[in-house]
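Asker: Start counting the sequence shown at 1; every next residue gets the next number (the UniProt record's numbering).
Source of the hints: derived by calculation from the structure; they are not laboratory data. Some clues are possibly wrong.
[Claimed, not checked] Result set (DSSO-like, lysine-lysine): computed pairs, CA atoms no more than 30 Å apart in a straight line: (1) Lys236 with Lys111; (2) Lys118 with Lys238; (3) Lys159 with Lys248; (4) Lys97 with Lys273; (5) Lys236 with Lys273; (6) Lys213 with Lys97; (7) Lys248 with Lys213; (8) Lys155 with Lys118; (9) Lys97 with Lys155; (10) Lys107 with Lys213; (11) Lys155 with Lys236; (12) Lys273 with Lys155.
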Amino acid sequence: MLLATFKLCAGSSYRHVRNMKGLRHQAALAIGQELNWRAPGGPTQSGWINQVRRQSSLLGSQLEDTLYSDQELAYIQQGEEAMQKALGILSNQEGWKEENQQANGDKVLSKVVPDVGKVFRLEVEVDQPMERLYEELVERMEAMGEWNPNVKEIKVLQKIGKDTVITHELAAESAGNLVGPRDFVSVRCAKRRGSTCVLAGMATQFEEMPEQKGVIRAEHGPTCMVLHPLAGSPSKTKLTWLLSIDLKGWLPKTIINQVLSQTQVDFANHLRKRLESSPAPEARC
């Protein structure tokens, strides 16, 4: 059903209706509804995930006023699927084990998810409003290399509508050269529903960015960051980061687990320093 609906939306089966905006919009809404129906999580998921998934209409809203190519539609769908799958993983509270606990309350949890592998979950509280984090992590994404030593560069390769981008990320080598140079090509989407922002993504193919000599092309699995005001303290933000990543190459699992867990802890510390030291630009979230 989903494949047939997507073909109709993309116009790959009915080329003569490509300019019929209403039909494409209806097909997009059908895709969004079916993705929600298929997504895991069930009735036990927490309220903020329920809010995002219940109100999400990513495909419909993006296709309402603009027509996209078949490839762009595929990227939009891929971003939506990454968001739904990542939120489904976060909504399941069973099986999480503690990997790292910091004195300030930051913690990293992990578990093994079928068909995905081991995933890591960072939970932190940041003494900044949600709009400030959104601005830094989305609107100023390409500046991340300026404040996060684990990232050499992030470049937006293509922007599709207002919510979806294709990015290339060049990661820095880990301390002691335990993990050599890696890069990632990902589709990312950002959505805000009510008081919650979700930034999701996963690995994708982009012809204009082939693999580079001397750098291993790693892959993000379904990953996302969820931002929402801390209960009782709207000027503070709860940040939850689900990290799923395949570093490729021949690396012992113990090293991978150590590097990824520490990467999340380091990210929280670097983000706080960035927010405290740099002036807040005008929020647009």
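Asker: Indicate, hint by hint, whether the structure satisfies it.
Answerer: Results for each hint:
Only pairs whose Cα atoms come within 30 Å are accepted, and Lys236 paired with Lys111 is accepted, the gap being roughly 28 Å. Between the alpha carbons of Lys118 and Lys238 the distance comes to roughly 23 Å, so the proposed pair stays at or under 30 Å and holds. The suggested pairing of Lys159 with Lys248 holds, with an alpha-carbon distance near 27 Å, which does not exceed 30 Å. Of the pairs offered as hints, the one joining Lys97 and Lys273 holds, with about 28 Å between alpha carbons and a cut-off of 30 Å not exceeded.
Note on Lys236 and Lys273: the hinted pairing holds, with a Cα-Cα distance of about 15 Å set against a maximum of 30 Å. Proposed proximity of Lys213 and Lys97 is contradicted: the alpha carbons are some 37 Å apart, above 30 Å. For the suggested pair Lys248 and Lys213, the alpha carbons sit about 15 Å apart, so the restraint of at most 30 Å is met. Among the hinted pairs, Lys155 with Lys118 is consistent with the structure: their alpha-carbon atoms are about 27 Å apart, no more than 30 Å.
Our distance criterion of 30 Å between C-alpha atoms is broken by Lys97 and Lys155, whose separation comes to about 34 Å. Note on Lys107 and Lys213: the hinted pairing is violated, with a Cα-Cα distance of about 36 Å set against a maximum of 30 Å. Taking the CA atoms of Lys155 and Lys236, the gap is about 29 Å. The hint holds against a cut of 30 Å. In summary, the hint linking Lys273 to Lys155 is supported, as the alpha carbons are separated by about 22 Å, within the 30 Å threshold.
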